[in-house]
Amino acid sequence: MAKLTFEELDKLRDEYRAQRAQRSWIRVGTSTCGIAAGAEAVYRTIVDEVRRRDLDIDVQRVGCVGMCYAEPLVEVNVQGAPRTMYSEVGTEAAERIVAEHVVNGNPIPGLAIPGIETLGYEDDGLAARQGKQVRIVLRNCGLIDPTKIEDSIARGGYQGLKRALFDLREEGVLEEMKASGLRGRGGAGYPTWLKWKSLREAHGPEKYMICNADEGDPGAYMDRSVLEGDPHTVIEGMLIACFATGTSRGYLYIRAEYPLAIDRIETALRQARRMGLIGKNILGTEFSCDLEVRLGAGAFVCGEETALMHSIEGKRGTPRPRPPFPAQSGLWGNPTNINNVETFANVAPIIVRGGEWFAQWGSGKSFGTKVFAVTGKVRHSGLVEIPMGTTLREIVVDICGGVPAGHRIKAVQTGGPSGGVIPSELLDTPVSYEGLQELGSIMGSGGMIVMDESDSMIDIVKFYTDFCVEESCGKCAPCRIGGKQMCLLLEKIQSGKGTWADVDTMKRVCLAMQKASLCGLGQTAPNPVLSTLRYFEDEYRALLGAR
Amino acid sequence: MPDAVMVPDISRTVQKWRNKRGSLIMALHEIQNRYGYVPRNVSLQIAQLMDVPLARIYEVVTFYNYFKLEPPGRNNLSVCLGTACYLKGAPELLNELKSRLGVSEGETTPDGEFHLQSVRCVGCCGLAPVVVANGETLSKVQPSSIEGLIHRCHKEE
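The listed protein sequences derive, respectively, from chains A and B.
Following my numbering, the numbering of the first sequence begins with 1 at its first residue and continues without gaps.
Following my numbering, the numbering of the second sequence begins with 548 at its first residue and continues without gaps.
One or more hints might be untrue.
Unchecked claim - Here are the simulated lysine-lysine pairs, DSSO-like style, with alpha carbons at most 30 Å apart:
1) A:K410 / B:K615
2) B:K615 / A:K484
3) A:K197 / A:K365
4) B:K567 / A:K197
5) A:K497 / B:K645
6) B:K645 / B:K615
7) B:K563 / B:K615
8) B:K687 / A:K132
9) B:K645 / A:K492
10) A:K497 / A:K132
11) A:K475 / A:K515
12) A:K280 / A:K197
13) A:K462 / B:K687
14) A:K148 / B:K563
15) A:K497 / A:K462
16) B:K687 / B:K645
17) A:K410 / A:K484
18) A:K315 / A:K197
19) A:K515 / A:K484
20) B:K687 / A:K315
21) A:K462 / B:K645
22) B:K615 / A:K315
23) B:K567 / A:K280
24) A:K280 / B:K563
25) A:K410 / A:K475
26) B:K567 / A:K148
27) A:K197 / A:K148
28) B:K567 / A:K475
29) A:K3 / B:K567
30) A:K475 / B:K615
31) A:K365 / A:K178
32) A:K462 / B:K567
33) B:K563 / A:K315
34) A:K178 / A:K280
35) A:K484 / B:K645
36) B:K563 / A:K3
37) A:K475 / A:K315
Everything labelled a hint here was simulated from the structure, so no lab data went into it.
As the structure is a computational prediction, the values presented were derived from the model and not from experiment.
The task is simple: from the sequences and hints, build the whole structure.
So, in structure tokens, the structure goes:
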């Protein structure tokens, strides 16, 4: 295919959109979670049935809409019948869906998820399920075939890049990003525009843009879902960032544990390159940029930016002290900017619709939406995208259905091994970077683990501490030694041989790790311990006796 | 493994990555994908052909969990020990596998049939607990289904 100009991009969008508007379709969610639940067999059954009956309908493989608990998901849209989402579809149900819904036009209420068809969520590109959600990052996930750039373009893909190149230019992009209030979604929450500005003002023979897709927090998988379900939105976000900062080279650092995400992003990169959306003179302008994939190899610490850069350089992923910050001296000593997947996925909608549009959600210092992976002891586990300011209770209870009947929520854990537990009585706290920090936890990358009365808080703390000990790179003493000592003390407490003096020692170790560790891994590893001591001291008391 | 078979494969990998900056990890991924581990004689050749000290290669291979220095089993079972899986019974799955296979985490059965390991998080938390069997992700696994899983692996060969 010849390289696109911006007029051709618009023409293609209109063409693809018109083609799609007239088609009937069946969509099968085939992300990692769908496939794990058996979606491939369902997809093959539907394709066979459609072929056998010679039906004029598109059967599409799409990403994850976020309702992981109900996988495999099949959505059907045919003329004369309401659009319907079917849950937990097996091969027999798939045959019935084709026979009854597609052929006869009668949706099968018993198999459908109630309420989903009434949302009509394709209208303006913002999809919602179960009320309170606002879909910006996940706007295309589950609606497009991620292996087809045409699907992405039909839904406005690369329009943000076009606006950046032709209308806003570099300064204008930074202005919109500033107005949006977008902060890093990887956890640290640094204002994105400020990072970009630093890189723009930095000088070096070469500059680099890095997408951190080393989603290491166990229990968080929103980045995987975006990469698998809508890879072009990440690429577009990176290209816009490269343009605004005067950068012509970027890397996507993806963890090796996500083979499907790697595959989908590589396909997307090839397609974008073929169309001239990556490479030399993009959309006919002077802007040239190339992006490449680099793989992680199973090291949690590589989520830390200086460690990640060492890993891209082909070395052990050990962190180094900052300053210098990556914008001054990053990859191979050159100015570098790093954002995570979810941050980049927010960029194109901000550029298309404007920063003010984005800032309508949230308040204070937290704007826009945040995606959470809500898992653990919850009825409807999956991905939810909520506006900042939504309370934890709304997420866990209203959207995700709370804990199964007969149980009660004991706590919610956010931020993974770097975060803390939040007891059920504080669940009315609105989600914001500062709000969660005040509770002794962090926003983190978006893992949200729900725990019920049967879960021991000390057990979960031990789980996270073990994790940090195993993942500590060993470079600095506070993390390497402190983590191990904390583990030993926790084991002693668990065995019933501990004393309150051990708790005091543990607190001192925590303080040393927080103050003296080289990177975020060690500095935040005490958070699970400290937050359980703050909210669940009675569980320690049960093992240690009264103080 | 005869050297004659390996050399052309390795030279392809080397050619692809030699002139790209910082590509040692990518080259090692290709090696591991091909052999299931990073054999020592291959490391020696990589060192020579890519002009990297062998110590640098081992420094990297031993740092990252993903790279293995021993050949895998004919069947590879990974139990996800992410937080959601942990809460939903992954430790019981791991114990069940350990006792049925008679190996510890990170070990291969003496007949080379099964390799058992735990993984950090495969990002399939909504369907926890998860076991990855020969690359296929299995969801909502129960201890009672472990026997059938082992049996199926045997049969599929």
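Do the hints match the structure? See the list:
Annotation: proposed proximity of K410 (chain A) to K615 (chain B) is violated, straight-line Cα distance about 40 Å (limit 30 Å). Pair hint K615 (chain B) plus K484 (chain A) holds up; C-alpha atoms about 25 Å apart against a cutoff of 30 Å. The suggested pairing of K197 (chain A) with K365 (chain A) holds, with an alpha-carbon distance near 19 Å, which does not exceed 30 Å. Under the criterion of a C-alpha separation no larger than 30 Å, the hint pairing K567 (chain B) with K197 (chain A) is consistent with the structure, at around 29 Å.
For the hint pairing K497 (chain A) with K645 (chain B), the CA-to-CA distance comes to about 29 Å; that is within 30 Å, so the pair holds. Distance check on the hinted pair: K645 (chain B) and K615 (chain B) sit about 20 Å apart at the alpha-carbon level, within 30 Å; holds. For a cut-off of 30 Å, the pair hint linking K563 (chain B) to K615 (chain B) stands: about 22 Å separates their Cα positions. For the suggested pair K687 (chain B) and K132 (chain A), the alpha carbons sit about 28 Å apart, so the restraint of at most 30 Å is met.
Of the pairs offered as hints, the one joining K645 (chain B) and K492 (chain A) holds, with about 26 Å between alpha carbons and a cut-off of 30 Å not exceeded. Only pairs whose Cα atoms come within 30 Å are accepted, and K497 (chain A) paired with K132 (chain A) is rejected, the gap being roughly 48 Å. Pair hint K475 (chain A) plus K515 (chain A) holds up; C-alpha atoms about 16 Å apart against a cutoff of 30 Å. Distance check on the hinted pair: K280 (chain A) and K197 (chain A) sit about 24 Å apart at the alpha-carbon level, within 30 Å; holds.
Pair hint K462 (chain A) plus K687 (chain B) holds up; C-alpha atoms about 24 Å apart against a cutoff of 30 Å. The hinted pair formed by K148 (chain A) and K563 (chain B) meets the criterion: a straight-line CA distance of about 27 Å does not exceed 30 Å. Taking the CA atoms of K497 (chain A) and K462 (chain A), the gap is near 16 Å; set against the 30 Å cutoff, the hint holds. Our distance criterion of 30 Å between C-alpha atoms is met by K687 (chain B) and K645 (chain B), whose separation comes to about 19 Å.
For the proposed pair K410 (chain A) and K484 (chain A), the alpha carbon gap of about 28 Å is at most 30 Å, so the pair holds. Taking the CA atoms of K315 (chain A) and K197 (chain A), the gap is near 28 Å; set against the 30 Å cutoff, the hint holds. The suggested pairing of K515 (chain A) with K484 (chain A) holds, with an alpha-carbon distance near 17 Å, which does not exceed 30 Å. For the suggested pair K687 (chain B) and K315 (chain A), the alpha carbons sit about 37 Å apart, so the restraint of at most 30 Å is broken.
Of the supplied pair hints, the one linking K462 (chain A) and K645 (chain B) holds, its CA atoms being roughly 22 Å apart against a limit of 30 Å. Annotation: proposed proximity of K615 (chain B) to K315 (chain A) holds, straight-line Cα distance about 17 Å (limit 30 Å). Our distance criterion of 30 Å between C-alpha atoms is met by K567 (chain B) and K280 (chain A), whose separation comes to about 19 Å. Of the pairs offered as hints, the one joining K280 (chain A) and K563 (chain B) holds, with about 22 Å between alpha carbons and a cut-off of 30 Å not exceeded.
For a cut-off of 30 Å, the pair hint linking K410 (chain A) to K475 (chain A) is broken: about 36 Å separates their Cα positions. Taking the CA atoms of K567 (chain B) and K148 (chain A), the gap is about 29 Å. The hint holds against a cut of 30 Å. With a C-alpha separation of about 33 Å, the suggested pairing of K197 (chain A) with K148 (chain A) is violated against the 30 Å cut-off. Straight-line distance between C-alpha atoms of K567 (chain B) and K475 (chain A) comes to about 28 Å, which keeps the hinted pair within the 30 Å bound.
For the suggested pair K3 (chain A) and K567 (chain B), the alpha carbons sit about 26 Å apart, so the restraint of at most 30 Å is met. Annotation: proposed proximity of K475 (chain A) to K615 (chain B) holds, straight-line Cα distance about 22 Å (limit 30 Å). Distance check on the hinted pair: K365 (chain A) and K178 (chain A) sit about 12 Å apart at the alpha-carbon level, within 30 Å; holds. With a C-alpha separation of about 42 Å, the suggested pair K462 (chain A) and K567 (chain B) falls outside the 30 Å cut-off, and the hint is violated.
Between the alpha carbons of K563 (chain B) and K315 (chain A) the distance comes to roughly 19 Å, so the proposed pair stays at or under 30 Å and holds. A hinted pair counts as satisfied when its Cα atoms are at most 30 Å apart, and K178 (chain A) with K280 (chain A) qualifies at roughly 28 Å. Our distance criterion of 30 Å between C-alpha atoms is met by K484 (chain A) and K645 (chain B), whose separation comes to about 25 Å. The hinted pair formed by K563 (chain B) and K3 (chain A) meets the criterion: a straight-line CA distance of about 26 Å does not exceed 30 Å.
Pair hint K475 (chain A) plus K315 (chain A) holds up; C-alpha atoms about 14 Å apart against a cutoff of 30 Å.
The structure fails to meet hints 1, 10, 20, 25, 27, 32 from the earlier list, while all remaining hints are met.
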